[in-house]
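Participant: Chain by chain, the residues run as shown.
Protein chains: 2
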Amino acid sequence: MIVQIYVVARPKEFDQDAVLNRAVELFRQRGFRSASFGEITEALGVGRQSLYDTFGDKDALFHAALKRYRERGIADMRHILEAPGTLRETLIRVFDAAIRAHCEGEGYGCLMANSMVEMCKEDAAIRAAAVEHAREVEGMLAARLGRAQLEGDLAPDKDPVALARYFHHMLVGFSVAARAFENSDVLRTSARLSLRTLD
Amino acid sequence: MIVQIYVVARPKEFDQDAVLNRAVELFRQRGFRSASFGEITEALGVGRQSLYDTFGDKDALFHAALKRYRERGIADMRHILEAPGTLRETLIRVFDAAIRAHCEGEGYGCLMANSMVEMCKEDAAIRAAAVEHAREVEGMLAARLGRAQLEGDLAPDKDPVALARYFHHMLVGFSVAARAFENSDVLRTSARLSLRTLD
DNA sequence: GCCGTTCTGGAACGTGTGTTCAAAATAATT
DNA sequence: AATTATTTTGAACACACGTTCCAGAACGGC
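Read top to bottom, the protein sequences are chains X and W.
The first sequence begins at -6 in this note's numbering and counts up by one.
The second sequence begins at -6 in this note's numbering and counts up by one.
Keep in mind the hints are simulated off the structure, nothing from the lab.
Treat the hints loosely; a few may be bogus.
Here are the computed lysine to any residue pairs in the SDA-like style, where the Cα-Cα straight-line distance is at most 25 Å [said to hold, decoys possible]: (1) X:Lys51 x W:Glu115; (2) W:Lys60 x W:Lys151; (3) W:Lys151 x X:Ser177; (4) X:Lys51 x W:Gln22; (5) W:Lys151 x X:Ala148; (6) W:Lys51 x X:Ser177; (7) W:Lys151 x W:Pro77.
Predicted model, so just to flag it, every value in this text is computed and none were measured.
Whole structure, please, built from the sequences with the hints as guidance.
Facilitator: Take a look at the structure:
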């Protein structure tokens, strides 16, 4: 029996990936609640009905955007952490990349951090994503710190896990500071100060 | 001519101060947008109309609550900073007090930090309050660090202003971490790690 | 040219919002 | 008891929201 599985009739006009990236940017700037559906369709350049057809409702679109944002962030961080260089050089690169991202444009901070504040107390899925994201980020940092210990780049009496958490807390603070009252230069000197914890 | 200036027909039933404190707590937990007016009247134990009569609309109530929160926070911090003790002891007390406040209850973080993320990009008044608050906090910390330099508690080559900003960034990060994924013990060890920047 | 899909836009639904008006109930002072 | 201001309550307003239905146009593959 031959079944025609897929007939293309009319292909989707827009690039789902590009649209998702625009959604990330929009939610990062405006938050979830503040971004009305009309605003979304305008910013994404996609018709109302098409959005519902491809992504589902507003919640689903947001979760898709957040997932995209997280995957990109994790990949970028892993890339930096695995590149050659001393521990200190590497961490500087991590901080500078994050600060650049959080300050870019008008300084809207980090979508994950913003979403934590806005939604995690009333949305279990967001809370779960936040916890998982924290575990991932801190895991990557702790792994790099542990490697540095083996390479003699970090004293053996340091606690990689505690340091990783500490650096993560710093990154979250930078995100909020960037959104509210700080420019990238100040954040960069803060980042360099924080490296004193490695000595 | 005798004019009767003030007649106390029926005094206000509720204590405005206590109500404002409850408003602070409510907004800290739920945010501004998410807290509906019905929720507010219920949480504050004050009738809808009475609220409008005494505080004005929702925005005005929120700003009053935020002002109250800021004043209390600044006063608490100044109190700790002016108490006797070494620089390190004092900063530990500052961090621990902030962490305790941010984690208390179910860990709703700091009203000022939460408001920065939620509103500062679309509300100039909130942004101004955030900038002013940052300047106050960092000013107090920088003053204490400068004093420590005079007392030989901090090396003269350190930059008190940069350190103050750094500690403030940490505090903001702790607030968000407390709200989203962290408990107070982890934050306390992060705070102790951050003191390495003083050496 | 037909078919099936996607796009577009208008209309409507239901709901929740902050806010206001007005009248009735209440409590303390004179 | 009369007065005066506050509280309470119900009703209504105007508006914005997310969402759905629907009809017509646009389009690609057969």
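Participant: Now, for every hint given, state plainly whether the structure supports it.
Facilitator: Hint check results:
About 21 Å separates the Cα atoms of Lys51 of chain X and Glu115 of chain W, which keeps this hinted pair within 25 Å; it holds. In summary, the hint linking Lys60 of chain W to Lys151 of chain W is not supported, as the alpha carbons are separated by about 33 Å, beyond the 25 Å threshold. Between Lys151 of chain W and Ser177 of chain X, the direct Cα distance comes to roughly 21 Å. Compliance with the 25 Å bound is thereby established for this hinted pair. For the given pair, Lys51 of chain X sits about 24 Å from Gln22 of chain W by alpha-carbon distance, which is consistent with the 25 Å threshold.
With a C-alpha separation of about 24 Å, the suggested pairing of Lys151 of chain W with Ala148 of chain X holds against the 25 Å cut-off. For the hint pairing Lys51 of chain W with Ser177 of chain X, the CA-to-CA distance comes to about 34 Å; that exceeds 25 Å, so the pair is violated. For the suggested pair Lys151 of chain W and Pro77 of chain W, the alpha carbons sit about 22 Å apart, so the restraint of at most 25 Å is met.
Checked against the numbered hints above, the structure violates hints 2 and 6; every other hint is satisfied.
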